[in-house]
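*Asks:* Top line first, the protein sequences correspond to chains A and B. Okay, so the first sequence: first residue is 1 according to full-length UniProt numbering, each after it adds one. Okay, so the second sequence: first residue is 1 according to full-length UniProt numbering, each after it adds one.
Hints may be right or wrong, so weigh each one.
The list makes no distinction among identical chains, and a pair is therefore deemed to hold if it is satisfied within one copy or across any two copies.
Computed cross-link-like contacts, DMTMM-like style, restricted to lysine to aspartate or glutamate with a CA-CA straight-line distance of at most 25 Å [said to hold, decoys possible]:
#	residue 1	residue 2
1	K12	D38
2	K6	D108
3	K6	D66
4	K12	D84
5	K6	D101
6	K12	E60
7	K6	D27
8	K6	D84
9	K6	D106
10	K12	D27
11	K12	E111
These are computed hints drawn from the structure, not numbers from a lab.
So you can see what is in the structure, the chains are spelled out below.
Protein chains: 2
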Amino acid sequence: MALDPKIAERLKRTPDGLVPAIVQQHDTGEVLMLAWMDDEALHRTLTTGRATYWSRSRAEYWVKGDTSGHVQWVRHVALDCDGDTILLKVDQVGAACHTGDRTCFDADVLESTMPAVNAPGPDPST
Amino acid sequence: MALDPKIAERLKRTPDGLVPAIVQQHDTGEVLMLAWMDDEALHRTLTTGRATYWSRSRAEYWVKGDTSGHVQWVRHVALDCDGDTILLKVDQVGAACHTGDRTCFDADVLESTMPAVNAPGPDPST
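Required output: the full structure, derived from the provided sequences and hints.
*Replies:* Here's what the structure looks like:
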């Protein structure tokens with residue numbers, strides 16, 4: 001079995017045959033990571049309920065959590081308006097990032113005018 | 001002026017010199033769109049407070065909202081753990097998508113086990 005042809009015909013792929021997938025925690029809205037899918041990875045993601053990617057560095061399929069236990073259970077899959085990006089809403093078990101951070105965007109903030117999520121509030125004794 | 005070299009040295013770019021930028025509404029967490037930045041677009045985004053991309057189709061810089069009025073005011077910019085993806089949290093004026101939809105991911109849902117945001121609830125009279 002392969003990816004539904006009605007979906008495959010709407011995908012716009014990179015020259016490598018890949019589509020970027022934005023991965024978001026379904027209830028909190030946290031953006032967890034970006035990964036890449038080919039048609040087969042998208043097919044497996046849709047049919048198994050486990051987020052499955054193409055690893056560009058290892059050149060193999062990668063079922064998120066198979067090694068780390070940090071599984072992503074798929075809740076929602078959408079294509080963008082021009083078919084070149086996937087949005088995956090998942091229920092993330094544990095950390096999404098291989099560094100142990102909850103998301104891959106926690107450690108390297110370039111600029112922010114927003115309060116840090118875990119910033120201590122003002123000292124109530126002062 | 002160009003992009004801060006301390007940031008530039010952490011970026012991992014595609015062969016075209018680009019980095020994908022995930023764009024998220026800062027308060028609701030909605031993922032609005034994916035766009036692409038080169039060093040100059042990131043520099044302009046960080047220094048002007050207006051989300052600025054490289055348009056692959058038009059091969060030019062694109063200040064979001066200059067034509068449509070649908071400006072993105074930048075609130076937070078982060079790099080991911082391996083420097084090949086940007087997360088931009090913005091305050092989106094109006095629709096992010098050129099189709100008029102709030103996000104580029106509203107129209108083409110492939111699979112969902114989540115309730116639609118505006119789905120009517122059960123009829124209270126039954």
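*Asks:* Are the hints correct? Go through all of them and say.
*Replies:* To see whether the hints hold, each was checked on the structure:
no. : hint       : result
1   : K12 - D38  : both (10 Å within a copy, 21 Å between copies)
2   : K6 - D108  : between (39 Å within a copy, 12 Å between copies)
3   : K6 - D66   : neither (29 Å within a copy, 35 Å between copies)
4   : K12 - D84  : both (5 Å within a copy, 20 Å between copies)
5   : K6 - D101  : between (37 Å within a copy, 22 Å between copies)
6   : K12 - E60  : both (21 Å within a copy, 21 Å between copies)
7   : K6 - D27   : neither (29 Å within a copy, 35 Å between copies)
8   : K6 - D84   : within (15 Å within a copy, 31 Å between copies)
9   : K6 - D106  : between (37 Å within a copy, 18 Å between copies)
10  : K12 - D27  : neither (28 Å within a copy, 30 Å between copies)
11  : K12 - E111 : between (32 Å within a copy, 18 Å between copies)
Checked against the numbered hints given earlier, this structure breaks hints 3, 7 and 10; the rest are met.
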